[in-house]
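**Student:** Based on these hints, arrange chain C on the given structure of chain D.
As you go down the protein sequences, you meet chains D and C in turn. Under my numbering, residues 56 to 165 are what the first sequence spells out, in order. Under my numbering, residues 4 to 119 are what the second sequence spells out, in order.
No lab work stands behind these hints, which were simulated from the structure alone. C-beta: ideal position from N, C-alpha, C; glycine also. One or more hints might be untrue.
Unchecked claim - Chain C regions said to be covered by chain D (calculated; three or more residues, Cβ under 8 Å):
hint: 1; region: 40-52
hint: 2; region: 86-99
hint: 3; region: 102-110
Said to hold, decoys possible - Just the calculated beta-carbon pair ranges, DEER-fashion:
hint: 4; chain 1: C; residue 1: S86; chain 2: D; residue 2: N111; range: 41 to 51 Å
hint: 5; chain 1: D; residue 1: K109; chain 2: C; residue 2: G19; range: 45 to 55 Å
hint: 6; chain 1: C; residue 1: K67; chain 2: D; residue 2: Q58; range: 19 to 29 Å
hint: 7; chain 1: D; residue 1: N111; chain 2: C; residue 2: G103; range: 14 to 24 Å
hint: 8; chain 1: C; residue 1: K45; chain 2: D; residue 2: N73; range: 21 to 31 Å
hint: 9; chain 1: D; residue 1: Y128; chain 2: C; residue 2: S86; range: 42 to 52 Å
hint: 10; chain 1: D; residue 1: D65; chain 2: C; residue 2: S21; range: 14 to 24 Å
hint: 11; chain 1: C; residue 1: V119; chain 2: D; residue 2: I99; range: 25 to 35 Å
hint: 12; chain 1: D; residue 1: V119; chain 2: C; residue 2: K45; range: 22 to 32 Å
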Amino acid sequence: GIQVEQSPPDLILQEGANSTLRCNFSDSVNNLQWFHQNPWGQLINLFYIPSGTKQNGRLSATTVATERYSLLYISSSQTTDSGVYFCAGEGGSTLGRLYFGRGTQLTVWP
Amino acid sequence: GAVVSQHPSRVICKSGTSVKIECRSLDFQATTMFWYRQFPKKSLMLMATSNEGSKATYEQGVEKDKFLINHASLTLSTLTVTSAHPEDSSFYICSARHPGSGNTIYFGEGSWLTVV
Numbered sequence: 056g057i058q059v060e061q062s063p064p065d066l067i068l069q070e071g072a073n074s075t076l077r078c079n080f081s082d083s084v085n086n087l088q089w090f091h092q093n094p095w096g097q098l099i100n101l102f103y104i105p106s107g108t109k110q111n112g113r114l115s116a117t118t119v120a121t122e123r124y125s126l127l128y129i130s131s132s133q134t135t136d137s138g139v140y141f142c143a144g145e146g147g148s149t150l151g152r153l154y155f156g157r158g159t160q161l162t163v164w165p
Numbered sequence: 004g005a006v007v008s009q010h011p012s013r014v015i016c017k018s019g020t021s022v023k024i025e026c027r028s029l030d031f032q033a034t035t036m037f038w039y040r041q042f043p044k045k046s047l048m049l050m051a052t053s054n055e056g057s058k059a060t061y062e063q064g065v066e067k068d069k070f071l072i073n074h075a076s077l078t079l080s081t082l083t084v085t086s087a088h089p090e091d092s093s094f095y096i097c098s099a100r101h102p103g104s105g106n107t108i109y110f111g112e113g114s115w116l117t118v119v
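Pulled out of the complex, with its shape left as it was, chain C reads as follows:
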């Protein structure tokens, strides 16, 4: 079964609104989670590292005010796309390292965001 769960799997929002995506570790605690973005037919690009109880670490070129990350508990990280624009439309996916599973890294199901 799923080890990391992401919700929603698909979301359509209007330009200028905000949308929140959740990432949960289901049977383990994750002090660190990762958010990636994937453009069509491209590889996964790390956006930020989500740290439980502290600020996220953003990759160069990622706007921290636009992509708000909150990691309020050991099993939940959220990504909020603020003031969404059509160019924010993309596939967003989170991951976490499972310490009890040989340190295998698992991904959520991913979220397709369409901004209209």
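One chain only, chain D, in its complex shape:
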């Protein structure tokens, strides 16, 4: 299967700081998404970004498909940004099957 490496595994920030999370894929993926998992376990879709750059408020993401990586930028972080961030790619022959990274545990202190 496709291997997904996420970095850093843990990130501790003070409120207001900026951060960049990275995701590398071992093979091409058809569909790349970023998720935020809240403390209750819910996976919240942040971006569907197979290529290019998208922005949504303080968050933005860039995927360079030819180099098999994606970046998630968080600006002016807030305590509510805390949680685990996952990237996942859709690959292989089964549409909808996602390969997940191990996640980045983000903690934002006030």
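**Tutor:** Positioned in the frame of chain D, the structure of chain C alone reads:
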């Protein structure tokens, strides 16, 4: 609002009993749904692919007799944990691909299972 709904969100059951978790696509038809399991502070592990009208496809190492999957309609897949043991306690979450939303994949709310 929710695109994929999962129920129950939390369940406690006794060892040896069975528990059923439902996953529904709310405004679209899903011929395929996916069941993942997540251990504490770990990533999501695909357990099986649920196929409407046919048998589920299980990942290597997942016991198909223990984790029964049924996909009887285009909007509902169920996961039944049979003869539950404490080691089955985990977070289970389903997903489906939304064809009308740029093929974005959505997840249910997840289900916390505790076997006592």
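**Student:** Against each hint, give a clear statement of whether it holds in the structure.
**Tutor:** Against the structure, the hints come out as follows:
no.: 1; hint: 40-52; result: holds (count 7)
no.: 2; hint: 86-99; result: holds (count 4)
no.: 3; hint: 102-110; result: holds (count 6)
no.: 4; hint: S86/C with N111/D: 41 to 51 Å; result: holds, 45 Å
no.: 5; hint: K109/D with G19/C: 45 to 55 Å; result: holds, 49 Å
no.: 6; hint: K67/C with Q58/D: 19 to 29 Å; result: holds, 26 Å
no.: 7; hint: N111/D with G103/C: 14 to 24 Å; result: holds, 20 Å
no.: 8; hint: K45/C with N73/D: 21 to 31 Å; result: holds, 28 Å
no.: 9; hint: Y128/D with S86/C: 42 to 52 Å; result: holds, 47 Å
no.: 10; hint: D65/D with S21/C: 14 to 24 Å; result: violated, 38 Å
no.: 11; hint: V119/C with I99/D: 25 to 35 Å; result: holds, 30 Å
no.: 12; hint: V119/D with K45/C: 22 to 32 Å; result: holds, 28 Å
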